[in-house]
Amino acid sequence: MIYEAFVALLGLMAIASGLAIFLLKDVLHSVLALVALFLSSSALLIMLGQPLLAIVQLFIMVGGISTFVFAGVASAPKSEFAHVEWSTLIAVAALLFLSAGAALMSIPGGNGSNVLTRFTLSGSFNGHIAELYVILLGLLGVAIGGIALLRQIGRKGVAA
Amino acid sequence: MIASMDVFMWVSFALFALGVAGIAASRHIIMTLMSAEIALSGAVVAAASIFRFIGGNEILPLLFTIWAIAATEAVAAVVFYRYMSKHEADFDVSRLSKTKE
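The listed protein sequences correspond, in order, to chains A and B. Just so you know, we're using my numbering here: the first sequence kicks off at 1 and counts up by one. Just so you know, we're using my numbering here: the second sequence kicks off at 1 and counts up by one.
Hints listed in this document are in silico derivations from the structure and should not be mistaken for laboratory results. A portion of the hints provided could be inaccurate.
What the hints assert, rightly or not - Not the full set, but computed from the structure, chain B residues with beta-carbon under 7 Å of chain A:
1) LEU18
2) THR32
3) TRP67
4) VAL75
Every residue gets a Cβ at the ideal spot worked out from N, C-alpha and C, and that includes glycine.
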């Protein structure tokens, strides 16, 4: 019971951090809220009994992505327009959460299970490791190219 | 002792719904990026909980793919942001007009 309560608390912290991203007016503060979201999801991975995944999540998402985005928007001016249309945000989020979540969790699967607990993985990723590595190498190339482009912009700009 | 799967799945659904809604509703280009990161975080939690409670040992390739996608789009979005700020472009995506020659 106490473990479920703690997981629920961490989940609420993650959702609150996600909402804070849209509520905060300064983009830099929103990035800090994003860091809090990644920390909460890392803690959720620990509660799932996956400490290695939690550490990797910290390294990649907090140490890598968040630092990069923080440095990238550090010089951002204060924007003069609202960052998000709240009516659209609430409507789409409610529609997705209630329809997808409730539908998936409520479809009976026999013996008290639902459609998610009936789901079984018949294949494995072992046969597709090569394709995954190709995809990852391509994504790495995009990332390196983006950083090189950023350096070029910083050095001498791009001709209009 | 591990909490039941339902709590993790509801949290992941909420994060994913918030992320997708943010992509649809955001007007600032960086907000769109961070909404995608929220959705991907929800996907990571959902994948980890499914593999933990249902089974399977091949979680790492899937999670590394998700993390690689998140990192790559963060790099691309920040590059676009820096380019736009250097050329004093408007960050309000609702005001984007035709690309000038």
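Each hint, compared with the structure:
Interface hint status for B/LEU18: upheld, as the beta-carbon distance to the closest one in chain A is roughly 5 Å, under 7 Å. At a threshold of 7 Å, the smallest CB-CB gap from B/THR32 to chain A is about 10 Å, leaving the interface hint violated. Of the supplied interface hints, the one on B/TRP67 holds, with its beta-carbon coming within about 5 Å of a beta-carbon of chain A, less than 7 Å. Because the closest C-beta pair between B/VAL75 and chain A is about 4 Å apart, less than 7 Å, the hint holds.
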